[in-house]
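*Asks:* Fit chains B and C to the known structure of chain A by using the hints.
If you read the protein sequences in the order shown, they are chains A, B and C.
Each step along the first sequence adds one to the number in my numbering, with nothing skipped, and position 208 is 208.
Each step along the second sequence adds one to the number in my numbering, with nothing skipped, and position 60 is 1060.
Each step along the third sequence adds one to the number in my numbering, with nothing skipped, and position 348 is 2348.
Quick caveat, the hints were computed from the structure, so don't treat them as lab data.
Just so it is clear, the structure is predicted and the values come from calculations on it, not from any experiment.
Where a beta carbon is used, it is the ideal one built from N, C-alpha and C, also for glycine.
Careful: at least some of the hints might be erroneous.
Stated by the list, open to error - Cβ-to-Cβ under 10 Å is the rule here; a few derived chain C residues that face chain A:
hint, residue
1, VAL2230
2, TRP2279
3, GLY2305
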Amino acid sequence: MNRHLISAADLSLDDAVAILDTAEEFATLAERPIPKLPTLRGRTVVNLFYEDSTRTRISFEAAAKRLSADVINFSAKGSSVAKGESLKDTALTLQAMGADAVVIRHGSSGAPHRLAGWVRGSVVNAGDGTHEHPTQALLDAFTMRRRLGRLDGLRVTIVGDILHSRVARSNVWLLRTLGAQVTLVAPPTLLPVAVDGWPAAVSYDFSSVLPDSDVVMMLRVQHERMSDAYFPSVREYSRRYGLDGDRMALLPDHAIVMHPGPMNRGVEIAADVADSPRSTIVEQVTNGVSVRMAVLYLLLSGSREPAEPAVATTGGLAPAGERAMSAAAAEAGL
Amino acid sequence: MAGISETAGPAPARTGSKSVLGPEEIRRALTRIGHEILERTDGAGDVVLLGIPTRGVPLAQRLAARLEQTEGVRIPVGSLDITLYRDDLRLRPARTLGHTEVPGSGIDGMVVVLVDDVLYSGRTVRAALDALGDLGRPRAVQLAVLVDRGHRELPIRPDYVGKNLPTSKREVVRVLLTETDGEDSVTLQVGPEEGR
Amino acid sequence: MTAAGGAGTGRPGARRDQGRWLIRGARPLGGRPADIMIDGGRIVAVTESGRDRRDQGPGGRDDGNIRDQDPDGQVTVLEAGHLIALPGLVDLHTHLREPGREDAETVASGTAAAALGGYTAVHAMANTDPVADTAGVVEQVWRLGRQAGHCDVRPVGAVTAGLAGSQLAELGAMADSAARVRVFSDDGRCVSDATLMRRALEYVKAFDGVVAQHAQEPRLTAGAQLNEGVMSARLGLTGWPAVAEEAIIARDCLLAAHVGSAMHICHVSTAGSVEIIRWAKAKGWRVTAEVTPHHLLLTDELAAGYDPVFKVNPPLRTAADVAALRAGLADGTIDCVATDHAPHPAESKETEWAQASFGMTGLETALRVVHEAMVNTGLLDWSGVADRMSVRPAAIGRIGALAGGPDAISHGCPIAPGSPANLVLYDPEPITTVDPAAQASRSHNTPFAGMKLPGQVIATFLRGTPTVLDGRLTG
Chain A
1 MNRHLISAAD LSLDDAVAIL DTAEEFATLA ERPIPKLPTL RGRTVVNLFY EDSTRTRISF
61 EAAAKRLSAD VINFSAKGSS VAKGESLKDT ALTLQAMGAD AVVIRHGSSG APHRLAGWVR
121 GSVVNAGDGT HEHPTQALLD AFTMRRRLGR LDGLRVTIVG DILHSRVARS NVWLLRTLGA
181 QVTLVAPPTL LPVAVDGWPA AVSYDFSSVL PDSDVVMMLR VQHERMSDAY FPSVREYSRR
241 YGLDGDRMAL LPDHAIVMHP GPMNRGVEIA ADVADSPRST IVEQVTNGVS VRMAVLYLLL
301 SGSREPAEPA VATTGGLAPA GERAMSAAAA EAGL
Chain B
1001 MAGISETAGP APARTGSKSV LGPEEIRRAL TRIGHEILER TDGAGDVVLL GIPTRGVPLA
1061 QRLAARLEQT EGVRIPVGSL DITLYRDDLR LRPARTLGHT EVPGSGIDGM VVVLVDDVLY
1121 SGRTVRAALD ALGDLGRPRA VQLAVLVDRG HRELPIRPDY VGKNLPTSKR EVVRVLLTET
1181 DGEDSVTLQV GPEEGR
Chain C
2001 MTAAGGAGTG RPGARRDQGR WLIRGARPLG GRPADIMIDG GRIVAVTESG RDRRDQGPGG
2061 RDDGNIRDQD PDGQVTVLEA GHLIALPGLV DLHTHLREPG REDAETVASG TAAAALGGYT
2121 AVHAMANTDP VADTAGVVEQ VWRLGRQAGH CDVRPVGAVT AGLAGSQLAE LGAMADSAAR
2181 VRVFSDDGRC VSDATLMRRA LEYVKAFDGV VAQHAQEPRL TAGAQLNEGV MSARLGLTGW
2241 PAVAEEAIIA RDCLLAAHVG SAMHICHVST AGSVEIIRWA KAKGWRVTAE VTPHHLLLTD
2301 ELAAGYDPVF KVNPPLRTAA DVAALRAGLA DGTIDCVATD HAPHPAESKE TEWAQASFGM
2361 TGLETALRVV HEAMVNTGLL DWSGVADRMS VRPAAIGRIG ALAGGPDAIS HGCPIAPGSP
2421 ANLVLYDPEP ITTVDPAAQA SRSHNTPFAG MKLPGQVIAT FLRGTPTVLD GRLTG
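Bound-form chain A, shown alone (with noise of 0.2 Å):
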């Protein structure tokens, strides 16, 4: 595993499935008496979010603090960085903090690749502009195999606004690496110009491909493509890439309905669909905070701060000179 998750297109096989694997068993937390782990006391874990996402930073947030970690708010909002503080100087503020880990949601494209470079802690990419969205990717896919058991040759069709969304970029990179096959399902205007590289199949015949597909999986679209000319009407928009009830029935009787959130309900999504029992549209939000806690824990376990004595940060029981002496090993073995 990296020290970062900035892209899902990064993540080895091996890597995704420890994560989902991870995420099973943090998933059983939530029944247990004390639905909290002492794994990550006295972490620091800072969510920077120059985006307004409250679900997803209220799900990393759940997550850290049921690791037991010191969890920093730092939005945009009311900081300095409304003031025009640049990326930079804001980093090298949170690596003062002695922040472990940074949870950063940014609308530019790359802005985490640019943040890993100057601070030392874990970067995790929270949706960056329109690239990806590497977490919601994971949740999704860890939804995907909880309901029908696999992802090794899953047929997933994902259907609205490919070019701009980071949440379809992710997909498609996860899903390759975990064996799915991807459908693609959008109006020309919103795929990119080299789609036909990608990993997936294109279609822009959504009756079509639904008999074939075990996951269905609907992205929001935005109003304002609209006025960019991408489609010509929210109405036409909704009759040809929209999911109704008609459309539901010719989906197999297993298949699932995914939706990252937050729904239009009447334009990509009909209510009835949404609300239906092929919607996973409640459990991934459950499965989020899981995945997110995979997440953290993966990346956080090992990473030793450098300025930081070990010893003083395990508290009571500082490690034997057996201990301090395998880390030592350990890292010049880096």
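*Replies:* For chains B and C alone, coordinates are given in the frame of chain A:
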């Protein structure tokens, strides 16, 4: 945690290894531990066996099977992964989590016997006690190990020991079990360097 | 009108009297070794060297150091036994940033960088603050260049007032000014209005001007960040389609043909553009074009790490485009190499990709990059390099060997008796790593940082005066 990882560092070459326990000796040690558990807990009526992954789990299952076979006593068995409670998480690469499974009986008010393969520094057991505390409140907690190799770093002692094995810190105790490794054996090997 | 240039006419800032120089054993255009005698700012003699001079020096190798002076102290001898002599390079496309952004570059620092890169003339783009759209501003830039004395500065005038794209700037006034502007460009912005472009092309005919178009269809590139293709799709950066450049080039070739005017195309970056220009030239239309060093060597794959040092306008394209640009430069479809040297302060690049400024520095690496991309690939010989980096850009900038009267400054002249002594001596042998901190530019945004490139500029002569000796500025 289990055998090799308790000693920290990769398993050294097999050269210079000395057999400590063979399959028959392991079987006898477990039989003896089983009897001691019955004696010490008045028939094991409220005992839960929790194996510590990896190799504590099959050991716990063998103990339970043995007791059912020879004494007709059914003892609930589960597993208790302590990875998330380790005190050295910062120092080592992330580990794959083992599985925690508490039997239907739960642990509240029960006598929990933790089962592991090797007792060394005692840190694994400390982590297990913390983990137990988050799962419920047992009446008592006891510890059964196949091998106690000494060198404790915490005030922890086993209640049931298959074999006391005096070692130097340079040595590595390697436990192999049929369920996980395809054979039953305990060997003592000289580690490559001091402290590993 | 003030005479521009002219040998030894008391140029301010000149740091040495123009003495007599003997450059011994250099290879003009990479050919046979020759001794080049310079006197009074001009080349007075070029004679073939004695055979195998290399055996004479210690270690059998000369390194461009001044070895001795002749007994009467009048001639300084430069041993140049393995150096290639080229006419001083001419850059058609330089951003000197002054006035307005002196934190990024000044005329003095930018021309120092130019001299170190082997340039003896640069064309300073108009997108300064204030914009170079009046005689006053272009004369200011021109005077700053003369004061610095590192190389000739030829201001480029804006086509439209304030680069706003709505009204022609006073092109005639700039042409008639002391700066004698001949190249006009809104570079940084496209003259996208077809009628305005037509008028500009027509208008500059009166003073033999040329309009240099920054070809970028604005509506097709709204918010664009990176070449539209595999990389932009993957990185989630708004795509910059090749057609946004090609459509304007095609339109303007047709316009230039229609009105019979000269048109120059800035920083051609796509294979399709090369095809269109090739077609236009085959028609006999007066179209010229330039390519930047970075588009000859780098591709959009470098954006993978989102480091904005690779963010440039037009964007880095694909390997297929690079190959087409090299072929176009080799066969003359593309006339010249122009740096588009675009310095930016650190904070403009140490940021998110989308927030970062477009542009790369290039003056100090251009010759080395062309060496790597064109000479080492066998596409151009040194004579070709001289043509594409000196002769043709000088002609397009109306400062070529055949342009103007006796007062005119001339660049891109043959290395022959009678030519102004504008020369660069280049050592093709060393291969060194590009270190931005070691450059003279005030800005460090070179995309070649850390790359190994061949060659080193040893000396640059501007009308007989060395601006660079031993690889260092003389003043």
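*Asks:* Compare the structure with the hints numbered earlier in the document and write down the numbers of the violated ones, lowest to highest.
*Replies:* 2
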